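Colleague: For reference, the chains in residue letters:
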Amino acid sequence: NAGVTQTPKFQVLKTGQSMTLQCAQDMNHNSMYWYRQDPGMGLRLIYYSASEGTTDKGEVPNGYNVSRLNKREFSLRLESAAPSQTSVYFCASLGAKDQPQHFGDGTRLSIL
Amino acid sequence: GQQVMQIPQYQHVQEGEDFTTYCNSSTTLSNIQWYKQRPGGHPVFLIQLVKSGEVKKQKRLTFQFGEAKKNSSLHITATQTTDVGTYFCAGLTGNQFYFGTGTSLTVIP
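Quick note, the sequences are listed as chains A and B, same order. Following the numbering used here, the numbering of the first sequence begins with 17 at its first residue and continues without gaps. Following the numbering used here, the numbering of the second sequence begins with 19 at its first residue and continues without gaps.
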């Protein structure tokens, strides 16, 4: 049982480049989340999708876009990467609000 | 805006000593979850508290949720080297989880 799978695991970009981070879950969960984790700041919510077909902004959405492609997949896109977006990105899924979030292994993104 | 503050940011203890981390929310929470993250890893769920004043125990770990559902604590009795990691609280408001900044625990053998 794979759980939450994120690709890629590592990526280095140049300022201004674009890329898409992929996330897929096989637990039939309704809700999916994208967080970024920076030293000393915990995890901050970028965007979330409470159900297939819906997306909403979190705390730090600027510079990002998301797509809930289907129930399984939730992608995060950086249209024009900036050094301030250097971070570790985690995708998570949730079956119901009284259940735990399941996290992927993260994508370590560096922007030069 | 919504904030969840967590203290302390770092804690170094001798093996066998106790450890406590505290979370405080600026608003009332629907529930609060606790996670542990090892260096280089992803957050792993420990427990969820839902009811006002709730207390739950997992072996040496004790979790509390405040009466006003705005604060929570995690207490570890007699720490072991396997307890090393960063502990996060995550409070649910609406459809969003707000994570605390985490407490990094170092256990000195």
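Derived from the structure by calculation, the hints contain no laboratory data. Please read all numbers here as calculations on a predicted model, not as lab measurements. By construction, the Cβ of each residue, glycine as well, lies at the ideal position given by its N, Cα and C atoms. Mixed in with the good hints, there may be bad ones.
[Unchecked claim] Partial chain A-side listing against chain B, Cβ under 10 Å, derived: (1) Val20; (2) Thr23; (3) Tyr51; (4) Met57; (5) Ala66; (6) Phe119.
[What the hints assert, rightly or not] Derived, one-sided and incomplete: chain A residues facing chain B with beta-carbon distance under 8 Å: (7) Asp54; (8) Gly56; (9) Leu59; (10) Leu61; (11) Pro77; (12) Tyr80; (13) Gly111; (14) Asp114; (15) Gln117.
Colleague: Using 10 Å as the Cβ threshold, decide whether Ala66 (chain A) counts as touching chain B.
Modeller: holds (5 Å)
Colleague: Going by Cβ atoms only, is Asp54 (chain A) closer than 8 Å to chain B?
Modeller: Cβ of Asp54 (chain A) sits 10 Å from chain B, so the hint is violated.
Colleague: Quick check on the hint: Leu59 (chain A) CB to chain B CB, less than 8 Å?
Modeller: holds (4 Å)
Colleague: Quick check on Asp114 (chain A) please, does its C-beta sit within 8 Å of some C-beta on chain B?
Modeller: holds (7 Å)
Colleague: A closest beta-carbon separation below 8 Å is what the hint needs, so does Gln117 (chain A) meet it against chain B?
Modeller: This interface hint holds because 7 Å falls under the 8 Å limit.
Colleague: May I ask you to test the interface hint for Tyr80 (chain A) with respect to chain B, counting a Cβ-Cβ separation under 8 Å as satisfied?
Modeller: violated (16 Å)
Colleague: For the restraint on Tyr51 (chain A), tell me whether the closest CB of chain B is nearer than 10 Å.
Modeller: Because about 8 Å separates Tyr51 (chain A) from the closest Cβ in chain B, which is inside the 10 Å limit, the hint holds.
Colleague: Does Thr23 (chain A) pass the interface check with chain B, least Cβ-Cβ distance below 10 Å?
Modeller: This interface hint is violated because 14 Å lies over the 10 Å limit.
Colleague: Holds or violated: is there a CB of chain B closer than 8 Å to the CB of Gly56 (chain A)?
Modeller: Holds. Min distance 6 Å.
Colleague: So, as I understand it, the hint says Val20 (chain A) touches chain B; can you test that by seeing if any CB pair is closer than 10 Å?
Modeller: This hint holds: Val20 (chain A) lies near chain B, its Cβ roughly 9 Å from the closest one there, short of 10 Å.
Colleague: Is the hint on Pro77 (chain A) kept, meaning its closest Cβ partner in chain B is under 8 Å away?
Modeller: Violated. Min distance 12 Å.
Colleague: The hint names Met57 (chain A) as touching chain B; please verify it with the least Cβ-Cβ distance against 10 Å.
Modeller: For Met57 (chain A), the interface hint holds, since the closest Cβ of chain B sits about 6 Å away, which is under 10 Å.
Of the hints listed earlier, those the structure fails to meet are numbers 2, 7, 11, 12, 13, in rising order.
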